[in-house]
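Chemist: Sequence:
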Amino acid sequence: MTVLLTGFAPFGGSATNPSWQAAQLVAARRDDVVAVQLPVEFGASLTALRAAIEQHRPSLVVCAGEAGGRSAVTPERVAINLIDARIPDNAGDQPVDVPVIADGPAAYFTTLPVKAAVAAIQAKGVPAAVSHTAGTYVCNQVFYGLMHLLAHEFPSLRGGFVHVPSAPEQVGADRPALAVQQSAEALDAVITTALTTADDLAVSAGTLN
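Residues 519 to 727 (this note's numbering) make up the sequence shown, in order.
Careful: at least some of the hints might be erroneous.
Computed Cβ-Cβ distance ranges for the label pairs, DEER-style [claimed, not checked]:
| no. | residue 1 | residue 2 | range |
| --- | --- | --- | --- |
| 1 | Gly643 | Arg604 | 29 to 35 Å |
| 2 | Val721 | Pro686 | 28 to 34 Å |
| 3 | Arg575 | His650 | 28 to 34 Å |
| 4 | Pro686 | Ala562 | 27 to 33 Å |
| 5 | Ser532 | Gln699 | 15 to 21 Å |
Derived from the structure by calculation, the hints contain no laboratory data.
On a predicted model such as this, the values are computed, not experimentally measured, just so you know.
Ideal placement from N, C-alpha and C gives every residue a C-beta, glycine not left out.
From just these sequences and the hints, can you work out the full model?
Modeler: If you want it as structure tokens, here you go:
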């Protein structure tokens with residue numbers, strides 16, 4: 519059984535990306551995980567993701583990205599068919615109000631047990647919460663593109679997306695951050711939970727606004 523765990527290249531002027539750093543740590547400690555870095559480029563990210571799936575033929579795909587401003591690890595629940603880039607990607611592209619997949623459905627739900635994953639992450643002492651938005655940048659594009667691939671070409675696969683906070687060394691002391699080692703612990707917990715949990719927990723993870 520192979521798990522494909524992806525992280526992103528640095529972007530937005532940062533020299534590092536904690537999603538890729540954490541993915542590498544997880545792959546170094548688990549024989550069943552292969553880590554692949556995806557480009558922060560609208561034109562290349564899904565091509566790279568498809569190539570990784572075709573090369574490694576995983577049984578589970580977990581994509582990770584950085585969510586600056588968040589203080590907890592957040593498994594994502596919903597991917598939307600929208601790109602609305604606030605900043606250019608690493609290739610200089612900045613699409614506005616375009617779909618990820620033309621004529622695709624408005625949204626896809628993850629097939630990861632996100633509520634059980636959050637409980638497992640919290641049991642490790644790492645802050646975590648279910649998120650209902652992956653934004654409208656490359657992270658959401660990859661999340662939506664992954665779920666579209668799984669729905670139409672790899673129906674036996676489960677997959678989803680997890681956001682990790684910025685690392686302390688990236689941001690000032692007054693901004694939310696989480697150590698990369700803790701993000702790696704969280705991703706490890708997500709993988710283990712997804713491999714061992716068929717049905718998600720029947721508990722509320724909703725929000726009022």
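Chemist: For each hint, tell me whether it holds in the structure or not.
Modeler: Going down the list of hints, with the structure as the test:
1. Gly643 / Arg604: 29 to 35 Å: 33 Å, holds
2. Val721 / Pro686: 28 to 34 Å: 31 Å, holds
3. Arg575 / His650: 28 to 34 Å: 31 Å, holds
4. Pro686 / Ala562: 27 to 33 Å: 29 Å, holds
5. Ser532 / Gln699: 15 to 21 Å: Since the Cβ atoms of Ser532 and Gln699 sit about 18 Å apart, the hinted range of 15 to 21 Å holds.
The structure is consistent with each of the numbered hints, conforming to all of them.
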